[in-house]
Amino acid sequence: MKSENLTVNASVKEWDLVIKPKSNIFELHLGDLWRYRDLIWLFVKRDLTINYKQTILGPIWFVVQPVIMTLIFTLVFGLFARISTDGVPPFLFYLAGNVVWAYFATCVNETSNTFVSNASIFGKVYFPRLTVPISVVIGTVVKFFVQLGLFIAVYLYFYLNGSDLKITIALLGLPLLILQMGILSLGVGILISSLVTKYRDLTLLMAFGVQIWMYATPVIYPLSMIPEKYVFLYMFNPMASILEWFKYAVFGIGSLRPEFILISWMITLLIFAIGLVMFNKIEKSFMDTV
Amino acid sequence: MSNSVIHIENISKEYHLGKIDHGTLYRDMQSWWARIRGKEDPNARIDFKTRVDKENFLALNDVSFEVGEGEIFGLIGRNGAGKSTLLKILSRVTAPSKGNIKIKGRVASLLEVGTGFHPELTGRENIFLNGAILGMTKKEIQSKLDEIIDFAEVGAHIDTPVKRYSSGMYVRLAFAVAAHLDPEILIVDEVLAVGDIAFQKKCLGKMKDVSESEGRTVIFVSHNLAAVSGLCTHGVVLDNGNMVYNGSAVNAVNHYVENVQKKSSDLQLKGDDGDIVFISGRIFDFSGNSVNSVSLKESFSIEMIYEIKNKISGIPVPNFHFKTAEGVYVFVDNADRVTENAPGQYRAVCNVPAHLMNDSSYTIGLALTEYSKASLHIHFYQENYLNLTVTDDIFNNPKRYGYGGPIPGVLRPELNWEISKVN
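Chains A and B, in that order, give the protein sequences.
For the first sequence, this note's numbering assigns the number 544 to the last residue and increments by one with no breaks.
For the second sequence, this note's numbering assigns the number 424 to the last residue and increments by one with no breaks.
These are computed hints drawn from the structure, not numbers from a lab.
This structure is a prediction, so every number in the text was calculated from the model and none was measured.
Virtual Cβ for every residue (Gly too), placed ideally from N, Cα, C.
Possibly wrong hints are sitting among the right ones.
Said to hold, decoys possible - For each label pair, taking beta carbons as the anchor points, the in silico distance ranges come out as:
1) A/Y469 / B/Q31: 22 to 32 angstroms
2) A/I375 / B/R165: 18 to 28 angstroms
3) B/W33 / A/V330: 35 to 45 angstroms
4) B/K164 / A/V330: 33 to 43 angstroms
5) A/I310 / B/G156: 27 to 37 angstroms
6) B/L146 / A/G403: 33 to 43 angstroms
Unchecked claim - Restricting the straight-line Cα-Cα distance to at most 30 angstroms, the calculated cross-link-like pairs of lysine-lysine (DSBU-like) are:
7) B/K422 / B/K312
8) B/K99 / A/K452
9) B/K312 / A/K538
10) A/K535 / B/K139
11) B/K298 / A/K538
12) B/K400 / B/K374
13) B/K99 / A/K276
14) B/K103 / B/K139
15) B/K103 / A/K535
16) A/K483 / A/K276
17) B/K140 / A/K307
18) A/K274 / A/K452
19) A/K276 / A/K535
20) B/K164 / A/K307
21) B/K422 / B/K209
22) A/K307 / B/K139
23) B/K139 / A/K299
24) A/K420 / A/K307
25) A/K299 / B/K140
26) B/K99 / A/K535
27) A/K274 / B/K103
28) B/K312 / A/K307
29) B/K209 / B/K298
30) A/K538 / B/K400
31) A/K299 / B/K312
32) A/K274 / A/K483
33) B/K99 / A/K538
34) B/K164 / B/K103
35) A/K299 / B/K145
36) B/K374 / B/K312
37) B/K164 / B/K209
38) A/K274 / B/K99
39) B/K312 / A/K276
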């Protein structure tokens, strides 16, 4: 049992735990997170179980949301605004963007109020707070896969009806894309959740902040619409590279440029690191301000 | 202390009482912008020094003590004394402003039961979730699952969402998980000691058990002085964020009653009038040792020494005034058959039998009244002069059947019972 291990440890090192006013910013206690891995899974299970309890359509909502959004995009941007989709059927093009973007946006929105919405639990018992946003990011992958299933079905429909679609080898990078989106959205989410403890306004800002971010990302338009001289600057948006990669993988449009992927990863990791440090700092004292 | 498992060093906790409103972000940015330009902070208060004391509140002030392995540590104090703040810091819910705490072993804290219970989840799912939140691994919970379900007495409803539970079932289930934690150090708020009697019995019993047989350490916060003196080995008294006493649990309770609780009810000393003066008073046990706590199984005596300085005409009768710590009069008794009234020093002893007082805290006032034909005259009355804590050996008292909670009443006489089967 665990307790026996701990007793042995106690005699080896002096103290198991030191509670101090402020910790070193690099003391992140990530080991604690591993010890609470069961809790992460239980949170994932809880969120999936309760999300659609007492709804009539249940998990079908996973599919309804992107379909309706995609229909609206197809109508507005495809039929009225006639924005280019680089030869891909508009519905499929927007669905691809929506499915990928929805994963990121959901993760950011849900992790960004970690402290405020869990204040009652956090105020009563200690466990690594990071378990909550991590479980959100993992749980949302399930939703993403359901939506990806929808995308595959629609894709096959268009493919069999003779649309010019090329799957490239880059599709093998899909797990990497999911991982990067997970890290990025976790980083953004925990960064904002740390600030929200003091400035509640940010929750409101978040809702349309994510919307605006979407328009700065090639979700409803191809990267080819961006003038070449701005592309480098544009790619500082880490989500841009992810969307490009996905579209290149499933449609064969655009291109993969290693320097952009590198920039995207560097920014992702930077945001994640800042988020982690902020979160760690706030986690010790947020109960006094929330 | 070589085997200390919790080492609390100069812990202070300061709260900022200032309110945060919609202007906060704007002002913070303004201050920040002024700082980087090297300008004066436009939001700095002119009367900073005076405001700071109004807006900051010291919930804990330089508290230090150690807790040894296997001790049951009672934390007592009035509301707002800092008990909860200290528990929160120990539980790592919030961080101290100054000082540090070193801990050996795994800590589980129960500031509330059922933390993280979700109404939509079934009883079984909630056991796992709540257990994991409290720091158990899935495997540990799995191994105790049957025990937990048994204890909660929810039986067949274990796979029903807890929102359909009666409030009693809900609480029992929440308690059951808490009762099956087994960390090296358990931090318990008194929330656990109220409500469900069956759980209270089990929880308090388990607290005693784990510390005695398994060498586990318990920190227990309570207003229930009887539970603290009966259950705890050590006690710390907090008052306005300061630690005012650290010692044995019984002494801590006495100190609390004497110095903290009493402060609110003004101690009234009606002094000597000169003819008869009060010299001293004490409580002593059957072997003659001065004490301020006794077991309810033991008799004890109250002694008062006084001196008659001038010749008086009436009969000087010593008397004792028993009150509960809350100020309720329990009884007054005086000496009978007093005849002596010549000047000199006297010692009056009154024997109080065992099994009279409840396990609680009392104050005893010492007085001397002169009775003469037409009137009575009080020469002195030392109100609440002595403090007495009566303790109960909760787990060896056959009348308790293991129940560890408070038994109401100011008295606890031992009466005879007879039960016979009539059909």
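For each hint, the structure was consulted:
In this structure, A/Y469 and B/Q31 meet the distance hint of 22 to 32 angstroms, their C-beta atoms being roughly 30 angstroms apart. Our hint of 18 to 28 angstroms for A/I375 and B/R165 holds, since their Cβ atoms are close to 22 angstroms apart. Range check, B/W33 to A/V330: about 41 angstroms between beta-carbon atoms, so the 35 to 45 angstroms window is met. Between B/K164 and A/V330, the C-beta spacing of about 42 angstroms keeps the proposed range 33 to 43 angstroms intact.
Here the CB-CB span from A/I310 to B/G156 is close to 32 angstroms, well matched to the stated 27 to 37 angstroms. Distance hint for B/L146 and A/G403: a CB-CB separation of about 35 angstroms, consistent with the stated range 33 to 43 angstroms. About 65 angstroms separates the Cα atoms of B/K422 and B/K312, which puts this hinted pair outside 30 angstroms; it is violated. For the hint pairing B/K99 with A/K452, the CA-to-CA distance comes to about 22 angstroms; that is within 30 angstroms, so the pair holds.
The suggested pairing of B/K312 with A/K538 is violated, with an alpha-carbon distance near 72 angstroms, which exceeds 30 angstroms. Among the hinted pairs, A/K535 with B/K139 is consistent with the structure: their alpha-carbon atoms are about 29 angstroms apart, no more than 30 angstroms. Proposed proximity of B/K298 and A/K538 is contradicted: the alpha carbons are some 48 angstroms apart, above 30 angstroms. With a CA separation close to 48 angstroms, the supplied pair B/K400 and B/K374 exceeds the 30 angstroms bound.
For the hint linking B/K99 to A/K276, the alpha-carbon distance of about 9 angstroms falls within 30 angstroms, and the restraint holds. Restraint check for B/K103 and B/K139: satisfied, since their Cα atoms lie roughly 27 angstroms apart, inside the 30 angstroms limit. The hinted pair formed by B/K103 and A/K535 meets the criterion: a straight-line CA distance of about 20 angstroms does not exceed 30 angstroms. For the suggested pair A/K483 and A/K276, the alpha carbons sit about 46 angstroms apart, so the restraint of at most 30 angstroms is broken.
With a CA separation close to 28 angstroms, the supplied pair B/K140 and A/K307 stays within the 30 angstroms bound. A hinted pair counts as satisfied when its Cα atoms are at most 30 angstroms apart, and A/K274 with A/K452 qualifies at roughly 22 angstroms. Only pairs whose Cα atoms come within 30 angstroms are accepted, and A/K276 paired with A/K535 is accepted, the gap being roughly 8 angstroms. Of the supplied pair hints, the one linking B/K164 and A/K307 holds, its CA atoms being roughly 13 angstroms apart against a limit of 30 angstroms.
Distance restraint check for B/K422 and B/K209: the Cα-Cα separation of roughly 35 angstroms exceeds the 30 angstroms cut-off, and the hinted pair is therefore not satisfied. Simply put, A/K307 and B/K139 have alpha-carbon atoms about 24 angstroms apart, close enough for the 30 angstroms limit, and the pair holds. With a C-alpha separation of about 13 angstroms, the suggested pairing of B/K139 with A/K299 holds against the 30 angstroms cut-off. For the suggested pair A/K420 and A/K307, the alpha carbons sit about 39 angstroms apart, so the restraint of at most 30 angstroms is broken.
Pair hint A/K299 plus B/K140 holds up; C-alpha atoms about 17 angstroms apart against a cutoff of 30 angstroms. For the proposed pair B/K99 and A/K535, the alpha carbon gap of about 16 angstroms is at most 30 angstroms, so the pair holds. The straight-line distance between the Cα atoms of A/K274 and B/K103 is roughly 9 angstroms, inside the 30 angstroms bound, and the hint therefore holds. With a CA separation close to 90 angstroms, the supplied pair B/K312 and A/K307 exceeds the 30 angstroms bound.
A hinted pair counts as satisfied when its Cα atoms are at most 30 angstroms apart, and B/K209 with B/K298 qualifies at roughly 20 angstroms. Straight-line distance between C-alpha atoms of A/K538 and B/K400 comes to about 46 angstroms, which puts the hinted pair past the 30 angstroms bound. Between A/K299 and B/K312, the direct Cα distance comes to roughly 88 angstroms. Violation of the 30 angstroms bound is thereby established for this hinted pair. Taken as a hint, the A/K274 and A/K483 pair is broken in the structure, with Cα atoms around 51 angstroms apart against an allowance of 30 angstroms.
Straight-line distance between C-alpha atoms of B/K99 and A/K538 comes to about 13 angstroms, which keeps the hinted pair within the 30 angstroms bound. A distance of roughly 40 angstroms separates the Cα atoms of B/K164 and B/K103; the hinted pair therefore is violated under the 30 angstroms criterion. Among the hinted pairs, A/K299 with B/K145 is consistent with the structure: their alpha-carbon atoms are about 21 angstroms apart, no more than 30 angstroms. Pair hint B/K374 plus B/K312 holds up; C-alpha atoms about 16 angstroms apart against a cutoff of 30 angstroms.
The straight-line distance between the Cα atoms of B/K164 and B/K209 is roughly 33 angstroms, outside the 30 angstroms bound, and the hint therefore fails. The suggested pairing of A/K274 with B/K99 holds, with an alpha-carbon distance near 7 angstroms, which does not exceed 30 angstroms. Simply put, B/K312 and A/K276 have alpha-carbon atoms about 72 angstroms apart, too far for the 30 angstroms limit, and the pair is violated.
Hints 7, 9, 11, 12, 16, 21, 24, 28, 30, 31, 32, 34, 37, 39, counting from the list given before, are not met by this structure.
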